[in-house]
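Asker: Sequence:
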Amino acid sequence: MTLQHSGFTNTQRASGMPVQRYRPFPPIDLPDRTWPSQTITQAPRWLSTDLRDGNQALIDPMSPERKHRMFDLLVKMGYKEIEVGFPSASETDFAFVRQLIERDKVPEDVTISVLTQAREDLIERTTQSLVGVHHANIHLYNALAPMFRKVVFRASRDEVKDIAVRGTELFMKYAEANLAQTVIGYEYSPEIFTSTELPFSLEVCEAVSDVWQPDDGREIILNLPATIEVATPNVYADQIEWFSRQLTRREHTTISLHPHNDRGTAVAATELAQMAGADRVEGCLFGHGERTGNVCLVTLGMNLFSQGVDPQIDFSDIDEVRRTVEYCTQLPVHPRHPYAGDLVYTAFSGSHQDAIKKGLEALEQEAADAGRPVGEQPWEAPYLPIDPKDVGRTYEAVIRVNSQSGKGGVAYVMKSEHKLDLPRRLQIEFSRAVQERTDGEGGEMGPAAIWEAFQGEYLHPTTPLRLNSVHTSSAAGEKDQLDVNVYVDGEIQSLHGSGNGPIAAFVDAINSLPHGFDVRVLDYAEHALSSGGDAIAAAYVECAVGEKVLWGVGLDANIVTASLKAVISAVNRR
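Counting from 1, position 301 in the sequence shown corresponds to residue 300 in numbering that gives the first Met the number 0; the numbering is continuous, with no gaps.
Derived by calculation from the structure, the hints in this document are not laboratory data.
Mixed in with the good hints there might be a few duds.
[Said to hold, decoys possible] Calculated pairs, BS3-like style, for lysine-lysine (alpha carbon to alpha carbon, straight line, at most 27 Å):
(1) K388 - K357
(2) K388 - K75
(3) K104 - K75
(4) K79 - K388
(5) K414 - K357
(6) K418 - K357
(7) K79 - K104
(8) K388 - K418
(9) K414 - K388
Whenever a hint applies, use it, and build me the whole structure from the sequences.
Answerer: Below, the structure is given as structure tokens:
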């Protein structure tokens with residue numbers, strides 16, 4: 000037979016979609032970029048905008064009670080900068096900010112932030128919302144991108160720049176009038192930064208800084224948002240590095256990121272932009288926010304954690320975080336969402352399950368050899384980037400069984416759920432039985448269903464044989480003697496056998512029956528399910544019963560009895 004080779008010809012065809020309507024984003028001229036060789040070694044300053052950007056994008060915005068639940072969660076997790084609303088645009092937001100302050104809900108080490116446009120009446124109202132708070136940032140923005148200048152504002156560059164400068168002056172005026180007792184900070188966003196000419200973004204930000212005059216103890220936050228994600232993540236990193244290099248007063252400026260996820264690469268863009276010099280990140284838990292959402296703070300934080308970098312945010316009870324966010328937003332977290340979804344620590348594939356099972360066993364052995372708890376052992380396991388237990392998950396759902404699963408998954412469930420360490424060939428035999436069920440019924444089998452199948456296959460069958468009582472004796476240099484009472488097809492019979500050990504003697508006894516069982520023991524294994532005097536023992540016996548090779552399993556407090564039950568189990572399965 001001659002094999003025909005394709006030569007790797009691409010057989011794809013033109014899609015017919017109107018691709019001619021779109022243009023690639025122009026690259027940034029930065030041949031000496033340095034960010035590709037950088038490594039993230041510490042957490043950025045985080046700001047959660049769940050209560051502002053996240054909330055405004057919900058089908059049903061949060062009620063006051065849900066907003067307070069979200070705020071309490073963010074504080075509990077360790078967020079020190081929280082954007083709590085747009086008080087000049089909404090009476091609901093204004094009332095919520097006032098409730099936080101008047102109920103003394105804002106810890107002294109937490110800075111709340113509020114958003115405003117660059118209009119005098121809105122800026123004045125914004126400062127009024129913050130009266131009485133310890134620390135706050137006012138976040139002013141206006142769009143600079145060419146399309147917005149041309150289509151939305153119909154304004155020149157100078158006119159757009161003047162909006163930002165005048166807004167900053169008004170902020171300073173009303174902050175001085177209304178917030179004299181507050182430690183007040185200033186954040187400016189050149190909205191649509193990623194679609195704006197870099198020199199113009201820099202020009203406007205420098206003009207704003209000239210008004211604010213950042214200095215020691217008086218930073219300015221320049222937030223450079225990917226309001227619309229329009230290019231690959233490396234382009235955002237180039238933009239951030241270029242901007243950071245050109246900026247004056249860099250030592251007094253915090254460069255902040257606010258990426259959206261329109262192209263699905265917000266996490267990558269944020270990480271590369273941090274490598275390019277950004278100091279601060281704004282986002283939402285689980286990526287809530289306008290359109291495709293803001294960058295996910297959970298994914299960013301846990302990515303750091305998985306590299307041995309403290310995110311300085313507590314994700315140790317990820318399910319509680321998820322439940323609270325789902326309650327507050329009334330939207331579900333996807334089951335495949337990194338680190339938090341129901342299925343992210345789950346393997347259905349047989350080869351994956353087998354690798355995970357062996358990896359976890361090796362980890363336990365390495366920890367034992369090192370004389371420390373497995374929870375302190377450096378983490379390394381196939382297919383699992385982190386230990387699920389570090390975020391409050393158990394191993395129960397790590398391996399789940401469906402028609403794609405193999406012996407490794409079934410064996411893992413039996414060991415982790417029922418302490419039964421099945422011999423390899425028994426794993427193969429039982430996994431076939433499980434696969435027959437999953438193929439026939441469809442879907443997956445949980446631990447309870449697998450245990451039910453195991454009992455039905457190995458422990459529950461009681462015909463033709465069932466053990467009633469047994470007595471063994473042995474003398475030095477002689478074969479073991481065994482007297483046993485067994486039910487044979489429901490009728491009790493007394494049998495005698497002899498052999499090199501109780502199992503051989505029992506096989507000799509039942510082979511004397513006229514049923515013609517013809518039993519031979521091929522392999523045997525045993526172990527205790529627990530420690531202590533009343534521990535249950537498990538015995539596994541591989542037998543040739545006539546022309547069939549079958550495994551049997553026995554459980555009993557007496558290891559001899561467990562072994563005989565295992566032989567009976569194999570016979571009853573013939």
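Asker: Name the hints, by number, that the structure is in violation of.
Answerer: Hints that this structure does not satisfy do not exist here, as all of them hold.
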